[in-house]
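Enquirer: Starting from the structure of chain S, add chain P where the hints point.
Protein sequence lines correspond, in order, to chains S and P. What the first sequence shows, in our numbering, is residues 1 to 526, in sequence order. What the second sequence shows, in our numbering, is residues 1 to 526, in sequence order.
You may find that some hints are simply not true.
No copy is singled out in the list; a pair is fine if it fits within one copy or between any two copies.
[Unchecked claim] Below 20 Å or equal to it, Euclidean Cα-Cα: the simulated DMTMM-like pairs (lysine to aspartate or glutamate) are:
#1 Lys495 x Glu408
#2 Lys357 x Glu387
#3 Lys397 x Glu525
#4 Lys5 x Glu387
#5 Lys397 x Glu517
#6 Lys431 x Glu512
#7 Lys504 x Glu408
#8 Lys361 x Glu387
#9 Lys73 x Glu92
#10 Lys452 x Glu517
#11 Lys504 x Glu398
#12 Lys75 x Glu116
#13 Lys166 x Glu188
#14 Lys127 x Glu248
#15 Lys122 x Glu244
#16 Lys452 x Glu525
#17 Lys356 x Asp434
#18 Lys502 x Glu512
#19 Lys495 x Glu506
For the record, the hints were derived by calculation from the structure and aren't laboratory data. For clarity, every value in this text was computed on a predicted model and none was experimentally measured.
2 protein chains.
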Amino acid sequence: MTGFKEFPSYKRLEELAKSPLDLTADGALSPERISQYVASAEGLRLLYATEKVTDDVLKALEGLAGEARVFEKMKNMQSGAVVNQIEGFPSEERKVLHTATRDIFDDPQDSPSASEAAALAKREVDKLEAFLPGVEGRFNDLVMIGIGGSDLGPRANYLALQYLQKAGRRVHFISNVDPDDAAGVFEEINLERCLVGVVSKSGTTLETLSNEALVRRRFEVAGLDSNHHFIAITGEGSPMDNPERYLESFYIWDWIGGRYSSTSMVGAVMIAFAYGFETFIEWLKGAHAMDRVALIPKLEGNLPLLGALLGIWNHNFLGYTTNGVMPYSQALIRFPAHLQQLDMESNGKRVDKQGKKVEFKTGPIIWGEPGTNSQHSFFQLLHQGTEVVPLEFIGFKECQYGQDLLVEGTTSQEKLLSNLFAQSIALATGKRSDNPNRYFPGNRPSRLLLAKQLTPYTLGAILSYFEHKTAFQGFIWNINSFDQEGVQLGKVLAKRLIEQFKGKREEGAPEEYPLGEAYLRQLDEV
Amino acid sequence: MTGFKEFPSYKRLEELAKSPLDLTADGALSPERISQYVASAEGLRLLYATEKVTDDVLKALEGLAGEARVFEKMKNMQSGAVVNQIEGFPSEERKVLHTATRDIFDDPQDSPSASEAAALAKREVDKLEAFLPGVEGRFNDLVMIGIGGSDLGPRANYLALQYLQKAGRRVHFISNVDPDDAAGVFEEINLERCLVGVVSKSGTTLETLSNEALVRRRFEVAGLDSNHHFIAITGEGSPMDNPERYLESFYIWDWIGGRYSSTSMVGAVMIAFAYGFETFIEWLKGAHAMDRVALIPKLEGNLPLLGALLGIWNHNFLGYTTNGVMPYSQALIRFPAHLQQLDMESNGKRVDKQGKKVEFKTGPIIWGEPGTNSQHSFFQLLHQGTEVVPLEFIGFKECQYGQDLLVEGTTSQEKLLSNLFAQSIALATGKRSDNPNRYFPGNRPSRLLLAKQLTPYTLGAILSYFEHKTAFQGFIWNINSFDQEGVQLGKVLAKRLIEQFKGKREEGAPEEYPLGEAYLRQLDEV
Numbered sequence: 001m002t003g004f005k006e007f008p009s010y011k012r013l014e015e016l017a018k019s020p021l022d023l024t025a026d027g028a029l030s031p032e033r034i035s036q037y038v039a040s041a042e043g044l045r046l047l048y049a050t051e052k053v054t055d056d057v058l059k060a061l062e063g064l065a066g067e068a069r070v071f072e073k074m075k076n077m078q079s080g081a082v083v084n085q086i087e088g089f090p091s092e093e094r095k096v097l098h099t100a101t102r103d104i105f106d107d108p109q110d111s112p113s114a115s116e117a118a119a120l121a122k123r124e125v126d127k128l129e130a131f132l133p134g135v136e137g138r139f140n141d142l143v144m145i146g147i148g149g150s151d152l153g154p155r156a157n158y159l160a161l162q163y164l165q166k167a168g169r170r171v172h173f174i175s176n177v178d179p180d181d182a183a184g185v186f187e188e189i190n191l192e193r194c195l196v197g198v199v200s201k202s203g204t205t206l207e208t209l210s211n212e213a214l215v216r217r218r219f220e221v222a223g224l225d226s227n228h229h230f231i232a233i234t235g236e237g238s239p240m241d242n243p244e245r246y247l248e249s250f251y252i253w254d255w256i257g258g259r260y261s262s263t264s265m266v267g268a269v270m271i272a273f274a275y276g277f278e279t280f281i282e283w284l285k286g287a288h289a290m291d292r293v294a295l296i297p298k299l300e301g302n303l304p305l306l307g308a309l310l311g312i313w314n315h316n317f318l319g320y321t322t323n324g325v326m327p328y329s330q331a332l333i334r335f336p337a338h339l340q341q342l343d344m345e346s347n348g349k350r351v352d353k354q355g356k357k358v359e360f361k362t363g364p365i366i367w368g369e370p371g372t373n374s375q376h377s378f379f380q381l382l383h384q385g386t387e388v389v390p391l392e393f394i395g396f397k398e399c400q401y402g403q404d405l406l407v408e409g410t411t412s413q414e415k416l417l418s419n420l421f422a423q424s425i426a427l428a429t430g431k432r433s434d435n436p437n438r439y440f441p442g443n444r445p446s447r448l449l450l451a452k453q454l455t456p457y458t459l460g461a462i463l464s465y466f467e468h469k470t471a472f473q474g475f476i477w478n479i480n481s482f483d484q485e486g487v488q489l490g491k492v493l494a495k496r497l498i499e500q501f502k503g504k505r506e507e508g509a510p511e512e513y514p515l516g517e518a519y520l521r522q523l524d525e526v
Numbered sequence: 001m002t003g004f005k006e007f008p009s010y011k012r013l014e015e016l017a018k019s020p021l022d023l024t025a026d027g028a029l030s031p032e033r034i035s036q037y038v039a040s041a042e043g044l045r046l047l048y049a050t051e052k053v054t055d056d057v058l059k060a061l062e063g064l065a066g067e068a069r070v071f072e073k074m075k076n077m078q079s080g081a082v083v084n085q086i087e088g089f090p091s092e093e094r095k096v097l098h099t100a101t102r103d104i105f106d107d108p109q110d111s112p113s114a115s116e117a118a119a120l121a122k123r124e125v126d127k128l129e130a131f132l133p134g135v136e137g138r139f140n141d142l143v144m145i146g147i148g149g150s151d152l153g154p155r156a157n158y159l160a161l162q163y164l165q166k167a168g169r170r171v172h173f174i175s176n177v178d179p180d181d182a183a184g185v186f187e188e189i190n191l192e193r194c195l196v197g198v199v200s201k202s203g204t205t206l207e208t209l210s211n212e213a214l215v216r217r218r219f220e221v222a223g224l225d226s227n228h229h230f231i232a233i234t235g236e237g238s239p240m241d242n243p244e245r246y247l248e249s250f251y252i253w254d255w256i257g258g259r260y261s262s263t264s265m266v267g268a269v270m271i272a273f274a275y276g277f278e279t280f281i282e283w284l285k286g287a288h289a290m291d292r293v294a295l296i297p298k299l300e301g302n303l304p305l306l307g308a309l310l311g312i313w314n315h316n317f318l319g320y321t322t323n324g325v326m327p328y329s330q331a332l333i334r335f336p337a338h339l340q341q342l343d344m345e346s347n348g349k350r351v352d353k354q355g356k357k358v359e360f361k362t363g364p365i366i367w368g369e370p371g372t373n374s375q376h377s378f379f380q381l382l383h384q385g386t387e388v389v390p391l392e393f394i395g396f397k398e399c400q401y402g403q404d405l406l407v408e409g410t411t412s413q414e415k416l417l418s419n420l421f422a423q424s425i426a427l428a429t430g431k432r433s434d435n436p437n438r439y440f441p442g443n444r445p446s447r448l449l450l451a452k453q454l455t456p457y458t459l460g461a462i463l464s465y466f467e468h469k470t471a472f473q474g475f476i477w478n479i480n481s482f483d484q485e486g487v488q489l490g491k492v493l494a495k496r497l498i499e500q501f502k503g504k505r506e507e508g509a510p511e512e513y514p515l516g517e518a519y520l521r522q523l524d525e526v
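Chain S with its partners taken away, still in its complex shape:
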């Protein structure tokens, strides 16, 4: 297996990175460049004139993709090959088939593995469709209990579509083991009309089970039978797959990783409850359409691959350690938090697929907040600080609610877009000034994912775009983007500390753990 740094195109890109395009040079950012450096698919347009790339760089990046065999790898993944693995070492050894959860429309994958997964997914979609009428008139609130991928993706997608909220329906999320999380949510809920969805693939997640216990007690205190209010979203046969305790079980499988689970029942039940079954299906269709785009076996037209390659250029060749995601849409307020998990948990790795320590940078730090808010916050540093942050902007031509107003000749949406475009230009071109404190160095790269409106279909396509962008980067780096061994040590140590707390209460003698005891002693001092 040839490694990332051994590809011929790697050397070429390293060479090109010695004198990258200077966006502040006279005429470097021209109207022609803005209209030429555009790619589009499924209603999304990726504008990348403000990246520090030339045609030479793009050609070399395409070469890199070919040398890393990303087209074959993407096809393998979507066909149901066991791609979640480390060769020669014990690892998860799983398929990666989140795409199957939306492969229920035209032109499905024909491999037996993918077909079987899609059939299972379709069965759950049908189950959900049959379940929903029973909810009508009975439940107003849905409280989702889950953490990590069972929380961040669903929450980001829920918030993105609130303009479609069905009357009398609300969704709430409890994730943190912090007991104040659950307490805060229930301040305003009528328990009699409350449905609770508990999400855990294994049925054993510490935070989720603790919160489920907290919430079930709340029902009992209110004299209600919690078993008539709870549904499970879990693996078939898990400890939570129990009809006596849950009205219904919706299934997920080991081929759906938490951070890739939004379009499985993990996100589906909640989206369909809040916004209706048709909205849910539109959202799936958008994601499915972008899955197909990711299979295009060349750079042209393959939007997620282009995004992945531009990111690698910035991170590995130009040396920028973080990647900002700035949606100019209040509805996408928690989308950066979802992308943090999706990207950083997938690609924050130190060994390659053969278990060899990598000698280059893998996944960057992802962070961001919506614009224009972020302009009034940390954009000072982005324009004049000593760290350069490549940005991924996301924007829409039209707003969602359609409640806008002309003030001084323009709508708020137009002001929003004006700010968005202005930031791209300002970061790229900078500005000379005799006052050194009013000097803008510019030459700071960004790109923009632009669409007509944030509809369910578009949201699905954006979600899938980022999933495949992440996977493509992992393919190029030859790392396993689908496991998360790095979270295990914290779990093990947390268990030892929990034993300390337990021992203290029970006046027993827990296992000796001096470091843990030292921390517990600090609690006596506050």
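Expert: Leaving out everything else, chain P in the frame of chain S:
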């Protein structure tokens, strides 16, 4: 003026950074170290055994603080000297007296400048106290319209104290010029019982005025006189200081920067409305107490200075480009977003106070999410990724609502704390493994700000801790932490784009702006 890199202690630290403490070495992280590397003030304990510091490093850092004259600079700031300035160039030339907004208790600053400011601040506090009874029984919802410092700090503080919410009181925030922001907020509000607070020091902020217009129209459409529902939080004599359009004007002054304005009327009106006047005063008292701590003229006991120096060690000497803030408290969910503005807008600078381009790194990128959620998200990268991120944890011994439950022998709060302590240990010590994918390199620094409970007083102290930590870092780097010239270029270009939109609608002929036109043409393609 001696620059950062010319200080004798800089050379010493540079030398020490060549072989920093290895936290993975046998016995490096000991129970003794955990109890020794602790500092405390006003109920906050800073545990920093898991930072890569030795007594030598701490001594050199203290030397650096002395050479940079930070004690004198902090005293000057709190006394009302004109510290917001760049020498020899046009600049804001302002005092920086956010501390005066809470200097209304014992032992006030005695300089005329600070006394005068505190007297003005006290007048507004009294005005607020007199205003509140009139709100009783008349208003249930308060909608705050503001952006940047008028949004992020207040919102973070509001969310942090929701357990104290007065019955029938809710606060909402509209910030983004995205018209969907306002539309979403008003889905569930009874306008007749709604008070609206508009925040803009200048009375001219684009986003805020656009949102005010949107919201006023909503009242008019409902047949209500908006002038009876609006209050202004603005500079005295600004265009918004108009009793015909606002029930009341609460004043702020040019010596309160947006990101430092939480404890001024910008945050005060909203906190007092939601949680009562007494809670507001407790919060001020906590902030005031930490202001006093920041004035301690030595490192010992000066908690914000210690935080600042540890950050500089990590950023400038160990070379880490970002700084993660991870509160193990769901109530602090938006505190990292506030700190992004506070820190990055303050210290994301490229010239020193004499206008000379700096030759070192100024402010890091600040980012983070609450634990334990973040553990299930991006902590994979923190443990095993190729970027090292120094972390600032925040934790509390007790929860806020007191609604907790023993599950398998421990409470949720104990599980939360177990995870928090476990992460500190895991990041520091790492773990050997024959499976390279289960190998944890460790040696990743963190520290922990620990307190008994997140009360109003503690929240005020934490807020002030971070304000002064930021200021101290700016003092050491000799930069102006109180202006934000870097946001101006974007504003100028946005205005040109707004003119393009206007011109298109009015079929007039706006100023020629080819780059802007090129972006507008892209909108026709989506």
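Enquirer: A separate judgement is required for each hint: does it hold in the structure or not?
Expert: Do the hints match the structure? See the list:
When the C-alpha separation of Lys495 and Glu408 is checked against a cutoff of 20 Å, the pair qualifies only between copies, where the shortest distance is 12 Å, while the shortest distance within a copy is 60 Å. For a Cα distance limit of 20 Å, the shortest separation of Lys357 from Glu387 across copies, 14 Å, qualifies, whereas the shortest one inside one copy, 27 Å, does not. Taking the shortest alpha-carbon separations for Lys397 and Glu525, only the inter-copy value of 10 Å comes in at or below 20 Å, while the best intra-copy value is 55 Å. With identical chains, the CA atoms of Lys5 and Glu387 are at most 20 Å apart between copies only, with a shortest distance of 18 Å across copies and 25 Å within one.
For the homomeric pair Lys397 and Glu517, the shortest alpha-carbon distance between copies (15 Å) is at most 20 Å, but the shortest distance inside one copy (57 Å) is not. Taking CA atoms no more than 20 Å apart as the test, Lys431 paired with Glu512 passes between copies only; the shortest distance there is 19 Å, against 62 Å inside one copy. When the C-alpha separation of Lys504 and Glu408 is checked against a cutoff of 20 Å, the pair qualifies only between copies, where the shortest distance is 14 Å, while the shortest distance within a copy is 66 Å. In this assembly of identical chains, the alpha carbons of Lys361 and Glu387 lie at most 20 Å apart whether taken from the same copy (17 Å) or from different copies (8 Å).
Within a single copy, Lys73 and Glu92 get their C-alpha atoms as close as 18 Å, which meets the 20 Å cut-off; across copies the closest is 56 Å, which misses it. Taking the shortest alpha-carbon separations for Lys452 and Glu517, only the inter-copy value of 18 Å comes in at or below 20 Å, while the best intra-copy value is 57 Å. For the identical chains of this complex, Lys504 and Glu398 are inter-copy neighbours only, at 16 Å across copies versus 58 Å inside a copy, given an alpha-carbon limit of 20 Å. Proximity of Lys75 to Glu116 under the C-alpha cut-off of 20 Å is restricted to the intra-copy arrangement: shortest distance 16 Å within a copy versus 70 Å between copies.
Taking the closest pair of Cα atoms, Lys166 and Glu188 come within 20 Å of each other both inside a single copy (18 Å) and across two copies (13 Å). In this assembly of identical chains, Lys127 and Glu248 lie within 20 Å of each other by CA distance solely inside one copy; the values are 9 Å within and 56 Å between copies. For the homomeric pair Lys122 and Glu244, neither the shortest alpha-carbon distance inside one copy (25 Å) nor that between copies (61 Å) is at most 20 Å. For a Cα distance limit of 20 Å, the shortest separation of Lys452 from Glu525 across copies, 9 Å, qualifies, whereas the shortest one inside one copy, 56 Å, does not.
Taking the shortest Cα distances, Lys356 and Asp434 sit within 20 Å of each other only across copies (12 Å), while inside one copy they are farther apart (52 Å). Taking CA atoms no more than 20 Å apart as the test, Lys502 paired with Glu512 passes inside one copy only; the shortest distance there is 13 Å, against 72 Å between copies. Taking the closest pair of Cα atoms, Lys495 and Glu506 come within 20 Å of each other only inside a single copy of the chain (16 Å); across copies the shortest separation is 66 Å, beyond that limit.
Checked against the numbered hints above, the structure breaks only hint 15 and satisfies the rest.
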